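Participant: Respectively, the protein sequence lines represent chains A and B. Sequential numbering from 3 applies to the first sequence in the numbering used here. Sequential numbering from 10 applies to the second sequence in the numbering used here.
Calculated directly from the structure, the hints in this document are not laboratory data. Everything numeric in this text was worked out from a predicted model, so none of it was measured. All C-beta atoms, glycine included, are put in the ideal place defined by N, C-alpha and C. Honestly, I wouldn't trust all of these hints.
Claimed, not checked - Covered stretches of chain B (chain A as the covering partner; in silico rule of three or more C-beta atoms under 8 Å from a C-beta of chain A): (1) 77 to 86; (2) 121 to 131; (3) 339 to 353.
Unchecked claim - The calculated DSS-like cross-link candidates involving lysine-lysine, where the alpha carbons are at most 30 Å apart (straight line), are: (4) A:K285 - B:K234; (5) B:K248 - B:K234; (6) A:K87 - A:K231; (7) A:K54 - B:K139; (8) B:K158 - A:K54; (9) B:K234 - A:K54; (10) A:K285 - B:K132; (11) B:K158 - A:K28; (12) A:K285 - B:K151; (13) B:K133 - A:K54; (14) B:K132 - A:K54.
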Amino acid sequence: MPESSSPISVVGGVPLRRRTVIEPSKRRFYLNLSGIWEYRELLLFLAWRDLKTRYAQTAIGFAWAIIQPVAMMLLFTLVFSNFAKLPSDGVPYPLFVYVGLLPWGYFARSLDKSSFSMVAESNLISKVYFPRIVVPISAMLVGLIDFAISFLLLLVMMAFYGVMPSWEVLFIPVFLVLTMITSLAVSLWLAALFVRFRDIAAAMPLVTQLWMFATPVVYPASLVPDQWKWLNSLNPMAGVIEGFRWALLKTPPPSLETMGITVALVSALLLLGMSYFNRMERKFADVI
Amino acid sequence: MYMISVTKGAPDSSLSECVNEGAKKLFTLRSSLSTKRLVKEELWPVKDVSFEIRAGEVVGIIGRNGAGKSTLLKVLSRITEPTSGRAEIFGRVGTLLEVGTGFHPELTGRENIYLSGIILGMKKTEIDQKFDEIVEFAGIAKFIDTPVKRYSSGMYVRLAFAVGAHLEPEILIVDEVLAVGDSQFQKKCLDKMKDIGAHGRTVLFVSHNMQAVMRLCDRVIMLDKGRVLHDGPAHEVVKTYLNAGFGASPAREWTDPSSAPGGEVARLRAARVKAEDGRVAEVLDIRRPFTIEMEYEVLTPGYVLAPHFHLVDEEGTLIFITQDLDPEWRRRARPAGHYLSRVEIPGNLLTEGTVFVGCHCITLAPDLVQFAASEAIAFQIVDNHDGDSSRGDYVGTMPGAVRPLLTWRTQLVGSVASESFKVG
Chain A
3 MPESSSPISV VGGVPLRRRT VIEPSKRRFY LNLSGIWEYR ELLLFLAWRD LKTRYAQTAI
63 GFAWAIIQPV AMMLLFTLVF SNFAKLPSDG VPYPLFVYVG LLPWGYFARS LDKSSFSMVA
123 ESNLISKVYF PRIVVPISAM LVGLIDFAIS FLLLLVMMAF YGVMPSWEVL FIPVFLVLTM
183 ITSLAVSLWL AALFVRFRDI AAAMPLVTQL WMFATPVVYP ASLVPDQWKW LNSLNPMAGV
243 IEGFRWALLK TPPPSLETMG ITVALVSALL LLGMSYFNRM ERKFADVI
Chain B
10 MYMISVTKGA PDSSLSECVN EGAKKLFTLR SSLSTKRLVK EELWPVKDVS FEIRAGEVVG
70 IIGRNGAGKS TLLKVLSRIT EPTSGRAEIF GRVGTLLEVG TGFHPELTGR ENIYLSGIIL
130 GMKKTEIDQK FDEIVEFAGI AKFIDTPVKR YSSGMYVRLA FAVGAHLEPE ILIVDEVLAV
190 GDSQFQKKCL DKMKDIGAHG RTVLFVSHNM QAVMRLCDRV IMLDKGRVLH DGPAHEVVKT
250 YLNAGFGASP AREWTDPSSA PGGEVARLRA ARVKAEDGRV AEVLDIRRPF TIEMEYEVLT
310 PGYVLAPHFH LVDEEGTLIF ITQDLDPEWR RRARPAGHYL SRVEIPGNLL TEGTVFVGCH
370 CITLAPDLVQ FAASEAIAFQ IVDNHDGDSS RGDYVGTMPG AVRPLLTWRT QLVGSVASES
430 FKVG
């Protein structure tokens with residue numbers, strides 16, 4: 003039997019079995035990175051399952067991953083470009099808004115999925131042990147496929163509008179990772195709270211909606227009045243979306259100061275979120 | 010003090026898996042908010058439990074519903090954390106608290122074997138190796154690439170159990186999962202479990218099925234109200250348990266819908282035994298008829314339901330099953346609502362002793378179990394030795410699963426033949 007995952011030491015020729023101590027935990031700060039690593043197969047399989055079953059019994063399957071952002075793009079172009087005449091940093095508005103909708107769509111979907119994931123998996127949680135944190139992490143990974151599919155369409159659109167990216171495009175993975183971390187950081191808090199307070203379900207759509215309009219998705223960051231700029235630097239998604247636009251469309255880059263604040267803020271939120279989640283996890287099965 | 014300890018068999022090097030103190034559980038809403046205020050409502054499903062299990066032992070855990078068995082298993086399998094106390098476990102733990110953990114109806118049998126296996130703690134390479142064995146055990150090779158939602162419930166359960174049975178941790182924790190499938194498959198499962206124990210693995214086995222416990226376990230721990238009441242050789246503890254008729258109550262209510270037995274269509278609310286006069290009674294006269302009733306809610310309208318009772322004697326033998334055949338609802342889809350179904354059991358049918366009643370309900374076509382609360386309630390049948398029961402004037406032990414009062418006709422049909430008289 004494979005014991006590779008269990009630390010096995012040998013004393014006097016007798017293999018010691020892995021020792022687990024079960025007692026009320028006293029650790030205040032606990033990331034459980036080794037637990038996540040140990041259960042990496044579970045993490046990937048849960049993501050694979052979601053992917054496999056998400057579009058089960060739909061007629062057009064993954065085409066939905068394109069239809070959603072495209073429909074939003076058309077709607078926003080109509081409303082904000084044609085009616086409201088919003089500027090778009092000199093880039094065709096459909097392209098401008100689509101590049102914003104890509105990371106935002108991924109972020110919003112992951113936030114939603116991950117926050118609800120604990121309750122969605124309540125049956126598993128009350129029947130078998132694993133580090134609970136793999137559930138929201140795997141939920142966050144699933145959306146990457148949709149992101150990839152809608153990204154392909156972006157390439158087509160860029161060719162259509164004759165926009166050629168250059169070296170800045172190498173920063174895309176950085177901004178994507180930042181998006182993933184932001185969504186995970188926020189959803190860990192929400193997922194842990196949601197187990198106890200189902201109010202989160204009612205509040206989520208509203209919060210996501212407000213957050214989107216507080217983020218420069220449909221308008222350029224340059225439109226934000228100076229006295230509100232500080233608020234934007236506290237919004238990690240603002241920097242991320244500016245970053246995406248800069249990397250793909252060569253609009254003005256987010257300031258280093260903004261990015262510094264974003265990274266620091268998101269890291270702190272993530273580490274504290276992981277620790278909070280892990281502290282709460284042992285009670286999940288009782289209250290879920 | 011609660012202490013589980015798994016010790017290696019070799020005499021020179023004994024490792025112990027100890028749970029010192031008590032694995033205690035505290036269900037209270039706001040205990041942590043205030044240290045000064047007295048916590049008003051405390052429930053300790055498991056309290057001051059202490060024991061030690063050696064490597065390779067197969068230990069049964071028995072007790073009535075609510076005795077703390079499930080909580081104990083959940084603490085030991087790390088699903089919930091104890092409020093206080095300590096357990097030490099040496100070895101990789103596998104948990105089987107339900108059949109089909111992690112199964113997804115949209116996925117095929119093959120995909121579910123991997124998914125469920127990994128959720129239960131196997132590695133992918135391990136599943137690769139055991140894949141054929143699992144499929145063969147389940148006997149569903151032909152349908153391995155069919156989504157399990159198209160499986161019959163029998164096939165589904167067989168596959169689900171097959172995955173669990175091939176978990177090979179050093180310590181296996183199993184909760185009442187053998188009560189699935191037909192009796193032939195149950196036997197196969199039991200053999201598989203026995204096999205696991207015989208290969209030096211430690212097994213903790215919770216069950217209401219005393220026959221299975223006796224077959225499988227060398228040692229049995231009996232819990233009651235969260236404490237260890239007996240701990241010893243299997244047959245002794247099981248006997249004690251059965252003789253005690255364990256705190257069996259003639260009426261039971263599930264006030265909290267979230268923990269009441271139930272499926273999507275129906276949910277059990279209450280079950281009662283009532284004597285002839287309509288009062289809940291624990292002790293019933295063997296000669297008199299009585300009523301067993303269950304209250305349940307139909308949550309999803311449009312299904313034909315078959316509520317039924319299982320009457321089980323203290324040996325764990327099923328005496329009979331009786332189902333709702335009220336013409337009013339037979340073959341008729343039911344609207345949602347709160348139902349009361351009752352059946353009158355005639356006098357002079359059951360034998361003396363404790364009878365456990367399991368409350369069950371399935372939907373018909375498709376046959377889906379809605380609830381299956383075994384040993385939900387219990388009552389005692391007594392004979393007052395008045396001479397007018399099936400016992401007549403006999404006062405000794407009278408074995409047999411039922412004791413009907415039947416009509417005998419005896420005639421004197423002639424005189425004694427002279428020849429046979431000589432021989433006799």
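Participant: Indicate, hint by hint, whether the structure satisfies it.
Facilitator: Here is how each hint holds up against the structure:
Counting residues of the stretch 77 to 86 of chain B whose C-beta sits closer than 8 Å to any C-beta of chain A gives 4, which meets the bar of three, so the coverage hint holds. Counting residues of the stretch 121 to 131 of chain B whose beta carbon lies closer than 8 Å to any beta carbon of chain A gives 6, which reaches the threshold of three, so the coverage claim holds. Proximity of the stretch 339 to 353 of chain B to chain A, defined as three or more residues with a beta carbon under 8 Å from a beta carbon of that chain, is not established by the 0 residues found. Using a Cα cut-off of 30 Å, the hinted pair K285 of chain A and K234 of chain B holds, with the two alpha carbons roughly 22 Å apart.
Restraint check for K248 of chain B and K234 of chain B: the C-alpha separation of about 19 Å stays at or below 30 Å, so the hint holds. Using a Cα cut-off of 30 Å, the hinted pair K87 of chain A and K231 of chain A holds, with the two alpha carbons roughly 22 Å apart. For the proposed pair K54 of chain A and K139 of chain B, the alpha carbon gap of about 23 Å is at most 30 Å, so the pair holds. Our distance criterion of 30 Å between C-alpha atoms is met by K158 of chain B and K54 of chain A, whose separation comes to about 15 Å.
Of the pairs offered as hints, the one joining K234 of chain B and K54 of chain A is violated, with about 45 Å between alpha carbons and a cut-off of 30 Å exceeded. Taking the CA atoms of K285 of chain A and K132 of chain B, the gap is about 26 Å. The hint holds against a cut of 30 Å. Between K158 of chain B and K28 of chain A the CA atoms are separated by roughly 44 Å; this puts the pair beyond 30 Å, and the hint is violated. Pair hint K285 of chain A plus K151 of chain B does not hold up; C-alpha atoms about 42 Å apart against a cutoff of 30 Å.
Only pairs whose Cα atoms come within 30 Å are accepted, and K133 of chain B paired with K54 of chain A is accepted, the gap being roughly 18 Å. Between K132 of chain B and K54 of chain A the CA atoms are separated by roughly 20 Å; this keeps the pair inside 30 Å, and the hint holds.
The structure fails hints 3, 9, 11, 12 (numbered hints given earlier, in ascending order).
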